[in-house]
Amino acid sequence: MTRILIVDDSRQSQFFLKSIIETDSNLSVVATIASAANAEMYCLGRTVDLILMDICTADNASGLVAAKKIKENYPEIRVIMVTSMPEHSFLGKAREAGCEGFWYKEYGEEDILTVIHQVMEGKKVFPKETPAISVGLAKSTEFTEREYEVVQMLADGLSRQEIADRLDISPRTVRFYIEELKTKTGHEDTMKMVADFVEQKLIINNLI
Amino acid sequence: MNSFVSIPYPMQLFLILCVLISLICILPIFLLLCKEKIWGGKLVLSLVGLVLAFLELCVLRCTLLRVSAQGLLAILLNLPWVTHLGIILFLVAISVHVLGSEIEYRKHYFNSRSIREAMDNMPLGLCFGDLRGYPILTNRSMYRMAEELTGETFNNSKDFWLKIKRSKELNGNQKINIYATSEERIYTFAMKNGRIYQITKRNVEVYGKSFVQMIVSDITLQHELYQDTLSTNEELMEQRVEMRDLADRLIQSNHEEEILRYKIRIHNELGQQILATAKALSGEPTLEEYRQLADAWTDLANRFRHLDEEKQAKDRELLEEILSVADMIGCKLQIEQGFPEEVLRLPILRQAIREAIVNAVRHGHADAVEIGYTILPGKIDISIANNGELPTGEFHRKGGLKNLYEGIVGRGGQLSTECKDCFTLRITLPYTQGGEE
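Residue numbers (numbering that gives the first Met the number 0), protein chains in the order written: chain A, 0 to 207; chain B, 0 to 436.
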């Protein structure tokens, strides 16, 4: 029997995942918690085989940070990151943290039970790429890593000069990136463009 | 017959030389031993050496000058030359032994002169005087330093002390410090040549008699180090004030960020409600739809009114989850009754509790954690103790505990650990009763 811990701050998600898992007689949900910060503590009891970890959890705890700590201290426990946000950097960060799987709640090609079984067999189950979400006239897969960085910093409220300083580029280059983004998305206003990215959950505004 | 005659002439001269050298070595030692009244084997040996040397000199004189002798000298002259050679060799051996042992002895010998010499070579000024101030024992440095201080010759320690005591300035030298204990008084002067002198006076008792001991030391280096330390301490104090300001600004910044979050939330919810209302009113709403709209607005208003309560409830839930998870892993968490609610709701405290439980169970195999508090003026002292094994060896703050430490210091607090009867995490945070600071 595989013992599963669900870490998700949404009661609905917890209920949804639990009800799916309990349809499989080989799987059992041992606990559900809202904050990833408590996940490492739970692992001390050595009563879990697999964790379904949300990325943004209660108490501003990052599931990715918790996953990394758990993989360092309890390598035998498998971790599948679960999220509804198609944020561009999550996939890479989950791999770096040592997670065994990644599943998009709304965009997953495979169902969660299949992912769980494959992970328990020792496979690594990751989507090939982040889901292609529409942002204005463009798809999320059309933007470069640097463009995502610029949009993220705009969403955090940084000025062009501050962005330039952080990325070690000139303010003119920052302006170029912004214009490129607006051209791709078809937005005329920078604020609307950033709001669209946030709305589509392609980036996370640190204040929300 | 003079048996020495058979020895070649150069050999005779050589033997005289040996006797003379032996005499030169032994005679001063003999005289020194007599002067210092050191009676003993060495004195007897040197006396024997002297007598033998004298006798042999007489024999050799008669031989060289070819004069005849009488009495004891005649008997000695008639002894075989081998005997004389033996005596001379014995004499040489005595002189070597006496000289060698005397030199060895003098290396470790203390007399009043050597003590005096040592005193004079001391870098500090030292004076022992009677109660009227007349110096009994004063070293060279004392005379020199006293003259540098006062500009006058050091004659009386009592007068010298009075000058030191009463003057703020002496001979161009400034008094910079006064210090006193029950046993001694200390004055410090900044000399016009840049040196720093410290003068101390205390009463001492030797064999039941009272004396005054005065010392003048050059403490220039120590004074410089002290000034450096003072200056460093001042800088540290300033940095501490800056850190405190930074912590306050950080708290203020966090607070403003939280307010901004609420503003965004209010803006969003209000915006959605307005949009929904505008859409509803653009059609022809029924009475029932009007009521629903009104209810939605009332609901929104209530939510905004109770935002703070909502946050408090959320914080309580987060703490309860920690308690619940601790219970699931077999660790009982107990919080002291009366623990201030507003402090319990702090995210930093939740972080500390988690950290304490994880370390207690993982490293100490604990199954109980107790959280206590003490309210002090302007702060709250929180203790998180567990019943697990105490750490062996040196304890290092790393990983989660290091992050916690930085978070607490950033809030203007302190974090420390104790390993007495049990392992305790001790946190101090700024706090005023009735509301967190």
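Since the hints were derived computationally from the structure, they do not count as laboratory data.
Hints may contain errors.
To be verified - List of simulated lysine-lysine pairs, DSSO-like, C-alpha gap at most 27 Å:
| no. | chain 1 | residue 1 | chain 2 | residue 2 |
| --- | --- | --- | --- | --- |
| 1 | A | Lys200 | B | Lys310 |
| 2 | B | Lys167 | B | Lys157 |
| 3 | A | Lys122 | A | Lys17 |
| 4 | B | Lys331 | A | Lys191 |
| 5 | A | Lys68 | B | Lys200 |
| 6 | B | Lys401 | A | Lys67 |
| 7 | A | Lys70 | B | Lys331 |
| 8 | A | Lys17 | B | Lys401 |
| 9 | B | Lys401 | A | Lys68 |
| 10 | B | Lys310 | A | Lys92 |
| 11 | A | Lys70 | B | Lys310 |
If you're wondering where the values come from, they're calculated on a predicted model, not measured in any experiment.
Quick one: which hint numbers does this structure break? Sort them smallest to largest.
-> Going through the list in order, the structure violates hints 4, 5, 8, 10 and 11 and respects the others.
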